[in-house]
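Top line first, the protein sequences correspond to chains A, B, C and D. When we follow UniProt numbering, the leftmost residue of the first sequence carries the number 1, and every step to the right adds one. When we follow UniProt numbering, the leftmost residue of the second sequence carries the number 1, and every step to the right adds one. When we follow UniProt numbering, the leftmost residue of the third sequence carries the number 1, and every step to the right adds one. When we follow UniProt numbering, the leftmost residue of the fourth sequence carries the number 1, and every step to the right adds one.
Any given hint could be a false lead.
Claimed, not checked - Label pairs and their computed distance ranges (CB to CB): (1) A:P183 / C:A318: 45 to 51 Å; (2) B:G378 / D:R59: 55 to 61 Å; (3) A:G378 / B:D71: 54 to 60 Å; (4) B:G378 / C:A318: 39 to 45 Å; (5) B:D71 / A:A83: 35 to 41 Å; (6) B:R373 / C:P383: 19 to 25 Å; (7) C:T4 / D:G303: 38 to 44 Å; (8) C:A127 / D:R59: 39 to 45 Å; (9) B:Y51 / A:P183: 57 to 63 Å; (10) D:A312 / C:A127: 39 to 45 Å; (11) D:G303 / C:G247: 38 to 44 Å.
Just so you know, these hints were derived from the structure itself, not from any lab. Even for Gly, the Cβ is constructed at its ideal location relative to N, Cα and C.
Number of protein chains: 4
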Amino acid sequence: MDATSLERFGRRLRVAMIGGGLGSYIGETHRIALRCDGLWELVAGAFSRDYSVCQATGRRLLLDPERVYRDHRALVEGESRRADRVDAVIVATRPATHAEIIVAVLDAGFHVISEKPLTSTLEESVAVAAALARSGKRLMLTHCYSGYPMIRMAREMVERGDLGRITAVDTEFASGAYAGGTPEGAWRVGSAEAGDAGMLVDLGTHALQLATYVTGARVSEVSARLDRLAPEHEVYDNAFLDLGFEGGAVGRCWSTYQAAGAVHGLRIAVYGDRGSIAWDHERAEVLWWRPVDGPETLLTKAGPMATAGALAASRFTAGHPDGYGLAFANLYRDFAEALMEEAIGEDPAPFLARLPGVEDGIHTLEVIDGALRSHAAGHAPVPLPAGPGSRHSVGA
Amino acid sequence: MDATSLERFGRRLRVAMIGGGLGSYIGETHRIALRCDGLWELVAGAFSRDYSVCQATGRRLLLDPERVYRDHRALVEGESRRADRVDAVIVATRPATHAEIIVAVLDAGFHVISEKPLTSTLEESVAVAAALARSGKRLMLTHCYSGYPMIRMAREMVERGDLGRITAVDTEFASGAYAGGTPEGAWRVGSAEAGDAGMLVDLGTHALQLATYVTGARVSEVSARLDRLAPEHEVYDNAFLDLGFEGGAVGRCWSTYQAAGAVHGLRIAVYGDRGSIAWDHERAEVLWWRPVDGPETLLTKAGPMATAGALAASRFTAGHPDGYGLAFANLYRDFAEALMEEAIGEDPAPFLARLPGVEDGIHTLEVIDGALRSHAAGHAPVPLPAGPGSRHSVGA
Amino acid sequence: MDATSLERFGRRLRVAMIGGGLGSYIGETHRIALRCDGLWELVAGAFSRDYSVCQATGRRLLLDPERVYRDHRALVEGESRRADRVDAVIVATRPATHAEIIVAVLDAGFHVISEKPLTSTLEESVAVAAALARSGKRLMLTHCYSGYPMIRMAREMVERGDLGRITAVDTEFASGAYAGGTPEGAWRVGSAEAGDAGMLVDLGTHALQLATYVTGARVSEVSARLDRLAPEHEVYDNAFLDLGFEGGAVGRCWSTYQAAGAVHGLRIAVYGDRGSIAWDHERAEVLWWRPVDGPETLLTKAGPMATAGALAASRFTAGHPDGYGLAFANLYRDFAEALMEEAIGEDPAPFLARLPGVEDGIHTLEVIDGALRSHAAGHAPVPLPAGPGSRHSVGA
Amino acid sequence: MDATSLERFGRRLRVAMIGGGLGSYIGETHRIALRCDGLWELVAGAFSRDYSVCQATGRRLLLDPERVYRDHRALVEGESRRADRVDAVIVATRPATHAEIIVAVLDAGFHVISEKPLTSTLEESVAVAAALARSGKRLMLTHCYSGYPMIRMAREMVERGDLGRITAVDTEFASGAYAGGTPEGAWRVGSAEAGDAGMLVDLGTHALQLATYVTGARVSEVSARLDRLAPEHEVYDNAFLDLGFEGGAVGRCWSTYQAAGAVHGLRIAVYGDRGSIAWDHERAEVLWWRPVDGPETLLTKAGPMATAGALAASRFTAGHPDGYGLAFANLYRDFAEALMEEAIGEDPAPFLARLPGVEDGIHTLEVIDGALRSHAAGHAPVPLPAGPGSRHSVGA
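Only chain A is shown next, with the shape it has when bound in the complex (with noise of 0.2 Å):
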């Protein structure tokens, strides 16, 4: 087994995070997905422009105070002036504040990881790409949608010619998150933050990049159609994109709020003169492949379509859905509250109440015994013991 890039590295990557606080959601999605393979450390943050927030979520991470910063720019300063200094900078903060933040951390020298979008607007991502140039770091834009095995391999699948010369692409970004009613304070539509741009922003970056990282291809032509569909709303909420791709595909972006009903909405297909492929975010596991001369078909990481991709991407064998790493997780992470919590001299029992234990053990075996000397009495049936329920199971 050749050594991996960690073991010749030596160390892990150390990373700070600015913004992503408790309370945000996104700066919690961040850190999980740093923390699962072991090849980052979180030791450094500026969560918040609360600075108590910011505190609170240093203490929460157990990180040492000295490296949780008030602001961006404290924590330029004091990581570049540490022999243990950060490698890498999240920036995890609204997006107006995105240029600004992501030229100091690159002028500093530091990699970027940002979130998207990029920048508010295309002057500034302008701006953040001649940073990038001059300052020979790297910056990651955390399209995390780029991220599923699915889309890998929908992506190769493109590549490797399966769907034959692409004719035409339809993704849609259709939320329904203010179908019913625009909660109070979603800056996303109110128009002196979002600007006319802002939907678009939020949702239809997804969409569009989906529809380039798939196909390769870039959009060279595009026109639209944008509504105001909820009398309440200041900014576009609904757009319809027709698109011109390079290489002469045509295609449609639809991005909304409006879209009633709808949990997410992301979804892509693309279609060649070989086959179609189709991906729904509500689905992710699965890629539906139509090609014109079979039946339609269900691929997924398993069986002889996948591709090395798609394979790399997924962390457990055919049959797991990724969700079966966090369906695990749960177990650790109960038990470990239910550790911590008797250590302190706290009651266990809630977290122990979900957790498989002895009983399930023994209680899973006793059937199978029965089962074996039912079917060696010709089915007859076989009563079992009673006992404790398996609710009641993780015990001392």
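Using the hints provided, position chains B, C and D relative to the given structure of chain A.
Structure of chains B, C and D alone, referenced to chain A:
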């Protein structure tokens, strides 16, 4: 925000692993799961009977070589002497070795996390229960499917009475693993090691545990028909069980290696006099709910029927399957590998090629900018500038 | 084009119906089915034990009153005397009456179309077989699911060896009909009439017939667990059968009235050592095919795997489910009723309101005309004329 | 029971068909549809420009040769002279001929049933409307998808306000018919005959008609992008339409021949501020309902949300898809052919081989009898007698 268990406990739990060395799928799964939430730290191990594999695993994980042990006895002894001894030990060896190892670990005063089945035989599991009782320690059995949000929701729906009186339970682990022929060295179906109960212990335990976990009722009666469907198998590869449950429900449990074409095949349906629920591991994010007085419904962690346990078991908001976290983690893994490879003088391009970067950020904003201009011009097509494709977008 | 059976025979077959009067769901189903292809003509009947219902049925069908008979004896006698006597008789009465009626019909020299079950008891069915043998006539048992294109395809796939050696058959008719409580007068679960075998005769026969129809193999061994899941039921409402088939396959058959939430619940899956197929009546147009060496596939009557029998059983081209014919028939029915009502001086408006008409034709062409003009004008929006909505579009 | 329209009218409606001769798929579809309910009688026709085909069609249908006409003019003239003249005429010829034929038929005083599109051009359709108005007759346009129970339910759900204010309509007829290459003689894409509007008239009309049928709102504005995706096509084979509806909703309509892998591809989704519905012709029996305040739900004609129109459009009880009627009809057709063939001295065996018969009846009762005995014997396996398989079961 209240302090979490982790904050109050003040450090991560330390854990060792027995078995699960490089090349072990289940070992890697445990490691991913324990890292996700930052509550555990893997610091020691006896990962393989083959000491060179054991050492290679320690190196891969950047462990202190002193804590990489030859076998479980050395591990128990070595850790017992340390001030920074582990809190718990993961047992991920073959089932036949579980009983001896678990008892040794408990007797030395460590908590246990055991892979399923608890032991190979009913007698051994009773011995483990006795050791657990005298140890005062805790044991978690990683029946991992119990960790799925939708399984927890199913259990809570039964508990709060949504289904009414439970009448029937239909569960199966109908795997197609050996339907096209059994691979060389498949120890699970070799007579000597697997025994007559082998397939039931491997697959049936999961289905039976789910049945008792979700319903909270023990099996009180079993009758069984066992068969060898593949001529080359020395042991049963198909089992039909009919079940009676405490409380009066009836049930079935099918387990097999011969369900051709099934990649995984774990399913459960529970029927009550008010409605039924059904779950299929191949679409683990949803739970079908079929009330007697309403239409068939697709439940997720979103929506008014969601239970507290399902929400607690979900790390992401409604609409985001659990695989979302690992899609995100793929970006972090690829980027880490790119940065590490580049730092040691290797070419990071293959890793970067898969990642969204600054060009994705710019291009999606270009399209949006074009869309706004098209709309303003009465839907007229707006051409976009040519540029590098998204395939080459994470650059210096 | 060769002459069809009908052309060479020179006339439609004449048929009479016993049972199936107004209000009988199964009688109406038989009438729709026999009309579809223009091969049968219903010319006589003894539709009900209640003669007024029998006569009303005759009037509804515009039958010659002379051929509307009081009972099956009168029908057999009356038709036997006629030159234009019927060719066949449909038996759609309760199962307990089948044996006597079928024997009488056969003895009088008519072919028989019998609703399932053939008879109530095994003894009676043997007597029917004897009568059939001595009559030289034909008997069709309307196990209607045998007529589905996908069931015929399943059977032919087994026959041509797609699945390899058959190893297991899983079938069920898990109905939720009485899960929320049994309606008054549900004769199928009343002890006196239904008997212990009642539910199995009602539901189980369909699942068992499908199993033998698709596999071509008889059941050679059965073991069973029968239960009463609803406290108010006097007879078994749940049956778990384990089966052995001639040729060595094993199987299961679940039949029940208590599968809460299931509207119908008929399913079959057949496993072989090369792959498996699965069919669910609630999605009757497709057949799942899961080969051991390829991905899961959704078969329809389209595509390279389609069998001759499936195509012969389909009246519409690929992509058009069989319901297409009845959707079409709805237009014809509504229009017929509109024209008839208007002809007798009634208001046709309620029937016309549902039907597409000239306004639909005009309006869709208006939109298309606008689309061509918009495209020619660089995607510019083209306003369309106001006009009557599609709700009022079938006018004089 | 009130007398039906048919009883009060006293006879079936008589109808003639123009076009739709042997080999015409749409002609056969109309014939199946008009027979189903016994309300129409096809008594005359001018089925083809090729008189030999026309005559062959008449023979196939056992028509009076006097009523098999050379062309629509002869038909109109001939029928006009008869006392038993037809009530209505079906127009199933190519669209380019519709206008002339329909006007002639209306002017002669017959009702019209016209295949869609109404005419080839907007101008012609206006002329047809004028002829209809002056005739005092009725015209039905067979936009057949309007007849599906779930489409009628969708329309009634919109009407009764389940969706709230309609905000968006997404419809498509994305066919893959010519994605793998266009067959010789596909007149729909040949420039001379099809014209620029050809594909839109063929496919787009269906999607647009569904949109207005379900919502009850007309299109008030359209912008369009039309493309030729297959290099060999002389006319547009792809159309993206953006729509504005009266009442303020927006919409999209995609129609194409190039959606590779799609067998059919007709879909509609309607969004309102209370929820959305979605229907796909490839699963026509169900309607997805996604309310803003509840989980995603699978509606059928069963259940509390079913509408009167959906129930009226369904001939079978809940759980029985419409294909059920044609599965049943397959048994009747096969049996008719068997009996006819046998009557003229041919071998009925191939037809009988597909049909359930007395052996199926006996065998299923044997299994049930065995099941009762097994249960009584404590689940013991009960062997069943050997016998003829179900493959050979409809015997003399």
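Hints, verified against the model:
no. : hint                        : in the structure
1   : A:P183 / C:A318: 45 to 51 Å : holds, 47 Å
2   : B:G378 / D:R59: 55 to 61 Å  : holds, 60 Å
3   : A:G378 / B:D71: 54 to 60 Å  : violated, 45 Å
4   : B:G378 / C:A318: 39 to 45 Å : holds, 41 Å
5   : B:D71 / A:A83: 35 to 41 Å   : holds, 39 Å
6   : B:R373 / C:P383: 19 to 25 Å : holds, 22 Å
7   : C:T4 / D:G303: 38 to 44 Å   : holds, 42 Å
8   : C:A127 / D:R59: 39 to 45 Å  : holds, 44 Å
9   : B:Y51 / A:P183: 57 to 63 Å  : holds, 59 Å
10  : D:A312 / C:A127: 39 to 45 Å : holds, 43 Å
11  : D:G303 / C:G247: 38 to 44 Å : holds, 42 Å
The structure fails to meet hint 3 from the earlier list, while all remaining hints are met.
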